[in-house]
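Asks: Chain by chain, the residues:
There are 2 protein chains.
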Amino acid sequence: MKPRIIIVGGTAAGPSAAAKAKRINPNAEVVLYEAGEHISTGICEVPYLVGGVVPDADELIHFTPSMFEKKKGVMVRTYHLVEEVQPSRKSLVIRDLSKGRTFTERYDKLVLCTGSKSRRLEIPGEDGRNVFRVKSIEEGKAIGKYLSEFAPRRGVIVGGGYIGMEMAEALVRRGLHVTIVHGDERPMEGLERAARDAVREELKRNGVEFRGRSEVRSFTADSSGTVTSVNTSRGMVETDLVILSLGVYPNTTLAKGARIRVGTFDGIVTDERQLTSVDSVYAAGDCCETKNVVHNRSMYLPLATYASRQGRVAGANAAGRKEVFKGAIRAMAVKVFELELAQVGISEGEAVESGLHVEVEAIECDSRASGFPGNSRLHVVAIVERRSQRLLGANVFGRDGVVARANVLGFAIQQRLSLRELASLDLIYAPPFAPLWDPVLILGNKARRGLHDI
Amino acid sequence: MKPRIIIVGGTAAGPSAAAKAKRINPNAEVVLYEAGEHISTGICEVPYLVGGVVPDADELIHFTPSMFEKKKGVMVRTYHLVEEVQPSRKSLVIRDLSKGRTFTERYDKLVLCTGSKSRRLEIPGEDGRNVFRVKSIEEGKAIGKYLSEFAPRRGVIVGGGYIGMEMAEALVRRGLHVTIVHGDERPMEGLERAARDAVREELKRNGVEFRGRSEVRSFTADSSGTVTSVNTSRGMVETDLVILSLGVYPNTTLAKGARIRVGTFDGIVTDERQLTSVDSVYAAGDCCETKNVVHNRSMYLPLATYASRQGRVAGANAAGRKEVFKGAIRAMAVKVFELELAQVGISEGEAVESGLHVEVEAIECDSRASGFPGNSRLHVVAIVERRSQRLLGANVFGRDGVVARANVLGFAIQQRLSLRELASLDLIYAPPFAPLWDPVLILGNKARRGLHDI
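Those protein sequences? They're chains A and B, same order as listed.
1 is the number of the first residue of the first sequence in the working numbering; add one for each residue after it.
1 is the number of the first residue of the second sequence in the working numbering; add one for each residue after it.
These are calculated hints, taken from the structure and not from any lab test.
Positions of the beta carbon are idealized from the N, C-alpha and C atoms, including for glycine.
Mixed in with the good hints, there may be bad ones.
[Stated by the list, open to error] Covered stretches of chain B (chain A as the covering partner; in silico rule of three or more C-beta atoms under 8 Å from a C-beta of chain A):
(1) 46-55
(2) 327-336
(3) 427-435
Required output: the full structure, derived from the provided sequences and hints.
Replies: Right, dumping it as structure tokens:
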């Protein structure tokens, strides 16, 4: 009999897993279940859909279900909610949402790609008709529709993380006056202070009001269920639109029901082969924790890149191959209006928390040769292990060439290089692209002197 | 007595060596001799001075002699030509060009940074009043002056290498109709064929006529010594201005006079400490050959980055420290109008020549997320050692994000990674900056499949 490989969840990890499993074992019956309408969507781009950079939501759908079936040989069942995993019988209880009936299905191998859920405030009004989250194409379209129909003038964004920043830019592009309400004094907790200050400055420069140290206490809504003001610990903000970007958490309802082990961050724990604690059940993507190879601790970092990679590995192993996902360093970037901002590796806080002795090196330099078009000041804050001088993490920010340098620093972190070793990298110099001493080399040279001074 | 460290040559390597030597041994008497007017100049930017991107020649002078003396504590003697090195006596014969007299001076340590010279055609007319090279700020200013005074309409560039490309763009910016005369069928011999074709296409798109397989036979000049046509093996080209960009060769007259060993490329041979074959004599920069660590052969690659680094190492060692320059991979980039082009590592030809068995992998993909501003098609041609799958070299070209990817590939070459290892790099994904699968990962994934197919 043909082996049956079942994938639960169709956003990023699921389609990767399904396609890979089928490619490796064309004999297998590979079935992908998805509770919603779409599979294989790019939800990272949703803020850009709202802002009009991406003109059409269809561009965020990489495959329709029928295209995916045809091209990848995977059976796709949308509007199907997997309600229960029964590991002892290797079977699933599945609800066909369009027909309203439930059935069971057997699996040989199962891959859970159940993704994440938006955090909620648990405050009345947060599901008001002008309150949105940024978690799916459907919500992106709903925001767009609301903007077009009601032409709101003011928007409040609750939550000053990555998505909050991108949504601020999107709403400003759509002509709204934007206020960000955030718990901490500065936006973007994961970053170093200098980077966070630069973000706050960039928001201000673009007319966005950042209200730090503010907790949402309640919403005031009119009779139609439209929120008219957000009431915070530091005063009331009148608004025509609310975006909740409070972060996400792993969706593990299904996994927990099957007694699959979860970790510190409440995400599914897997080994390097993406196998869970339960026989024949793999997991990948936003429902999982990921090992951070810099300090060898698990982290919860729901990024599309990790989802795709873990999905491939899980799918390959479900189909009988032996592949591994060894972990990640954290490599991410965000654009906040004209400010580019990237983080690689671990933060100073994480390093200290995990018992590492670190020092912080900061530089500011040109991104290209002085006077050349596009040249701009570039900042690097590097977290360095004191004794070994090993690079553990970096924030890079500025208006030009940020991600390029962050990727080189991320590479150095993965290769466990010291700052001193950075200084001997052979990096490109050409006036239109880089200064004679690339920022990475300037950072390396700084460490070299530092060592000499000791 | 104070040790006396003498540096010969003041462009890039010389000032680096001098400043470093003085910093390491503040007691030393460090003297820098330069035959010309300026020291510490950025000659890479000269085409951009001609094209008007850099508005003022003074921006290319990083230090005036007196600033350098004040800031670095180095004695600077411009208009002083070192005519002879006498290693047995540890002395130099020096001509003071402004006073017209010669004197001798003793050294304890000597650093030769005599740079390179422009290749010549050895054809009458090549020193005509409208014929220029691109080797110094003075020449850059002279070209600019000629353009302003005589408003030439047509220009011929002889030589289709890096400088030829940059000068073509500069002259087009200044409104000239430009023809490039070049010996080979395609420009830029060091690159792979696809990259060279892209350059030729970009020249055409910008109205530059590229005449390949053409040798210059003679110049026709009028009575004032102004060249009016360039006569080639494939016909005559009328012109108002001629740029000779035939490449450079190491300036080793002084070294050879002292019986210092030169290598395959006629450049000074040094060890890792930049010490020449002669006791107490170091060398750095364009007068030297450099070890290419990819195939462990020497190469001649006169780049400002290597000059600065070798200068620092030579200066440090002349002052008593033990530092090394371990070699380079070759990392360079050029902008040809809107085309960005980078080369890291060795070419297919070099690999074959040095007995390596290689295969070539080529990919074409997006530089950013599809549909995002700035996104453009990016090309990578990778040279891979067949058995080990180790990356040996790459050409990257396109209109966006080229140097960023080339630096990551160059890093991988330095770390001796295989293509398969590239695939597990943790690189940044964010729609405004990169696609979900960065071009480097796409290349890596390709190799992975390749291995599987065997």
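Asks: For this structure, which hints from the list above don't hold up?
Replies: Of the numbered hints, all hold.
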